[in-house]
Amino acid sequence: MATRFKHPAQDVAGLGTGRALGFLAPAMLLIAAFLVFPAIWTIYIGITNYRLTGVEAVSPSMVGLTNYTRALNDALFHNALWLTMLFVLGSAIVGQNILGFTLAWILRRARPAVRRTVEALTLLAWILPSTVVAYLWVAFFDRDTGTLNSILGTTGTAWLIDYPMVCLVVFNTWRGTAFSMMLYSSALQAVPPSQLESARMVGASGWQTLRDIVFPHIRGHVLTNTLLISLWTANDFSPFLLTKGGPNHESETVPVYIYNVALQGGELGYSSAISFLLLLANLLVSLIYLRLLRRRA
Amino acid sequence: MTPAYVVRRIGFYVLICAITVFFAVPMLWIASAPFDKNPGLGVHWPDWTFENVRKTLDHPYALHSMVNSLIICITTALAVTAFAALASYALSRVRIPGRDALLYGLLLLSSVVTGTAAMVPIFVMIYQLGLIDSRFGVALVMTGGLLPAAIFILKDFVDAVPKSYEESARVFGASTLQILRDVVLPVARPGLATIMVWAFVNSWGNFLVPFLLIRSIDLQPGAVLMQTLTDEGGSVNLQVLPVFSLLFSIPVVVLYLLVNSRYGFRFHGGIKS
Amino acid sequence: MAGIDIEGLATVYPNGVRAVDGLDLHVADGEFFALLGPSGCGKTTLLRTIAGLESASEGTVRIDSVDVTRTEPGKRGVAMVFQDYALFPHMNVAENITYPLKVRRVAAATRAETAERTAGELSLNGLLERRPGQLSGGQQQRVALARAIASQGKVLLLDEPLSNLDARLRLEARTFLKKLQRDLGITTVFVTHDQAEALALADRIAVMESGKLRQLGTPREVFARPVNTFVANFIGSTPMNLLPGVVSSSGVSAAGGTLPAAASIPSGAEVTVGIRPEYLTLSTGDAIGPGLRGTVVVAENLGVQSLVSVDCDGTLIGVTVPEEQEPSVGKPVFLTAPPDRVLLYDRESGELLARQPVA
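Residue numbers (full-length UniProt numbering), protein chains in the order written: chain Y, 1 to 297; chain R, 1 to 273; chain P, 1 to 359.
Derived from the structure by calculation, the hints contain no laboratory data.
Check each hint, because a few of them may be wrong.
Lysine to aspartate or glutamate pairs mimicking DMTMM-like chemistry, simulated, CA-CA at most 25 Å apart [unchecked claim]:
| id | chain 1 | residue 1 | chain 2 | residue 2 |
| --- | --- | --- | --- | --- |
| 1 | P | K75 | P | E129 |
| 2 | R | K55 | R | E232 |
| 3 | R | K163 | P | D166 |
| 4 | P | K154 | P | D286 |
| 5 | P | K331 | P | E351 |
| 6 | R | K163 | P | E72 |
| 7 | P | K178 | P | E121 |
| 8 | Y | K244 | R | D133 |
| 9 | R | K37 | R | E232 |
| 10 | P | K331 | P | D311 |
| 11 | P | K102 | R | D218 |
| 12 | P | K154 | P | D346 |
| 13 | P | K179 | P | E160 |
| 14 | P | K212 | P | E326 |
| 15 | Y | K244 | R | D231 |
| 16 | Y | K244 | R | D218 |
| 17 | P | K212 | P | E7 |
| 18 | R | K163 | P | E95 |
| 19 | P | K179 | P | D203 |
| 20 | R | K163 | P | D29 |
| 21 | P | K154 | P | E300 |
| 22 | P | K179 | P | E270 |
| 23 | R | K163 | P | E160 |
| 24 | P | K331 | P | E348 |
| 25 | R | K37 | Y | D212 |
| 26 | Y | K244 | R | E232 |
| 27 | P | K178 | P | D194 |
| 28 | P | K75 | R | D231 |
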């Protein structure tokens, strides 16, 4: 007698699909409310002339793609895009990447005490609250009594005003290098020691070893790391804490620009349109990143 | 010991020293200025005093903002841990229809919808809900933002727990509730602790969300109060700010060291699949 | 009493794989029963289906004459020891052993007493306060057994009970396990991929392949008379010789010679001849009667015995001989076998040809 019946929901704790969905619900509701909905709502606000105050605050009207055409011709937005590119290129793609790899590479064979000290310092720079870190750097760059001026003997140089983007690049390199360092450290551990030893046996120089043995192993990590830190840097709001975008928009990256347009200028519709462009850029980078990760796996 | 070797060693130490100085010097200020009789913005050997600490403790908003930070971050950490635990367990153990698509969507969300990209709609939403100046509103927004990554980290953790624990409890007649309470929860405790600390530290340092959503100075968490004090300028703040920075940094460093020593620092590279 | 009856059982995975494919099986009360087969043969799935951790797609499972096919695992009266033991790392040994009783809300005093008694039976005295992480592999296994026993199930299920132990400990644990099962008299089903383990422990063995039963019998039957070439290959620490042969009037000719065969099979039939190395006799003197002629190629010392490979007309045939009678390489030898040890299999299907006398 062979009776046949449906395969009941089976899982190790006997939870069942119904209760599993119940477990998921609170998290999904919060994510829907505070991530998915805002992202979608950006599109809507972006095609209105909604403002923080005034008539349009009470009854905003649809303006179609006006906000986007305005962005096309907005010199300040172009300026923000250009500064964000400089910021990402200087502090993430070059700064954090190269400093992080250098640290991972040279600390590999350093004495444990040296390695722990340097690692602890970079990690501390990474975990301290961003307002504290920003204040440290404001003090460091200060015109009158700042440490940098004492070291260089250049008292009176207002670094944050004269060279705001350079300051931001140095600041963000300092702040974020720990991540790249840790990622590259673990990637370097995956390089088979026997291959490095073979290279030494045939007399390869340090540079040749890096180029021919190490780099092919970590190429994937370099790519994904660069994408990730670029995405974070482009979305970083801490430049606001150092310069507020000034002087005269000279350090106004896209996040700061969005804030200034929305909450200082009160133009919620226009800033939403720019936010949506930022979301699209994030989406593009994330898709590439996940694709690379999946290919590596 | 060839000359080339000596040159390489010297180069190596010069490089290490340069990098160490680069990372250490900006931090020296937070170690010296809090205890200096004449605190300035530059680093110099302090003229020791605890006057600044007393001034900070007497400041009308300093300690108050720490309490605000605690309220916001404890709420956020508890909510993130509880909801991420439930969701990650369900996602790890039950084949819910559409699970893979959901996981991929969460992974995307966690990196695409950043605080800066969503600040305008979040501000407008909280504004229209009448939750401006609500610490609870800030905690809700932070919870929503941290959940996708938290679910991922925890799901990795639950995936690594052998299913035979639950199965054996089940064979011995334990109900689903008993299995979760007696077996799953205790076994998952290191993962839960890590996530709780991670969520706490992340919300502790978060500046943008409370900066957008809280206006009254008596409701501001520490991260925002620091900015408010900076903007005001003045000599009073040079006595308060360094001490406050130090106090405000302590929880983060302590929690980091705690997790590091108890469970070993596990490398969670933001988003990973 | 507490036997297990399995009828027409199939377990199909969502991806359509029939891990267990229409199985009929009866495990008698008090029997020590082995499920044996290569990995992926469905033996563990079968065990988990009996436990209720996998749900049957077809057929029925009865334990103690009660149909439990759709009963929750916890209500079937089974106790199970998992391959990784699944000892809860946050509970000490006593708490682990009595967790099944705690689930049933048995009073703490009774639990403590059970822990004490069961630990005594399994020589775990003095370890009750330890955590699993502080125990050796053998101790962990005994705690897992103690927990299963303390749960007082009607049947005991063991998934690869010895596979997590190192080789030296495994023999000791095997003896311990067999004695424990005899003393308790509890119906026990265990899964193993190790044929020696199954032969040593079980009262009866079910050999499985691709979700199907290939042979069911006592260790003696399965070893001496595999009913197909799959089982013949799988059982035995030295593999059975399987040679192409043709039935003749005087027996069966294979490898350039003739072996006696007791089967009543028409002459000229093409068969596979199966004979275990242990059942062949090697002689260096004159050839008498039917047998195979060859020269020694390799001799491997197995301790008390030696496995000698003999080249008979281009076919390598294994023979075990007492170690002291190991012939030198190159020596011409003569192999003979009693007729009831020579098994004939259908060349196509690999099934044992009927009407051969039972050994």
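Here is what the structure says about each hint:
1. P/K75 / P/E129: 29 Å, violated
2. R/K55 / R/E232: Roughly 17 Å between the alpha carbons, so the hint for R/K55 and R/E232 holds.
3. R/K163 / P/D166: 23 Å, holds
4. P/K154 / P/D286: 60 Å, violated
5. P/K331 / P/E351: 35 Å, violated
6. R/K163 / P/E72: At roughly 17 Å apart (the allowed maximum being 25 Å), P/E72 and R/K163 satisfy the hint.
7. P/K178 / P/E121: Given pair P/K178, P/E121 holds - Cα atoms ~14 Å apart, limit 25 Å.
8. Y/K244 / R/D133: At roughly 23 Å apart (the allowed maximum being 25 Å), R/D133 and Y/K244 satisfy the hint.
9. R/K37 / R/E232: 21 Å, holds
10. P/K331 / P/D311: With Cα atoms ~10 Å apart, P/K331 and P/D311 stay inside 25 Å; holds.
11. P/K102 / R/D218: The hint is violated at about 51 Å.
12. P/K154 / P/D346: 42 Å, violated
13. P/K179 / P/E160: 17 Å, holds
14. P/K212 / P/E326: Outside the cut-off at roughly 41 Å; violated.
15. Y/K244 / R/D231: 11 Å, holds
16. Y/K244 / R/D218: Holds, at roughly 23 Å.
17. P/K212 / P/E7: 13 Å, holds
18. R/K163 / P/E95: 20 Å, holds
19. P/K179 / P/D203: Roughly 13 Å separates the two Cα atoms, so the pair holds.
20. R/K163 / P/D29: Status violated; Cα separation ~30 Å.
21. P/K154 / P/E300: The given pair, whose Cα atoms are some 46 Å apart, is violated under the 25 Å limit.
22. P/K179 / P/E270: Distance of about 46 Å is beyond 25 Å: violated.
23. R/K163 / P/E160: 16 Å, holds
24. P/K331 / P/E348: Violated, at roughly 35 Å.
25. R/K37 / Y/D212: 57 Å, violated
26. Y/K244 / R/E232: 15 Å, holds
27. P/K178 / P/D194: Status holds; Cα separation ~16 Å.
28. P/K75 / R/D231: Since the Cα atoms of P/K75 and R/D231 sit roughly 68 Å apart, the hinted pair is violated (cutoff 25 Å).
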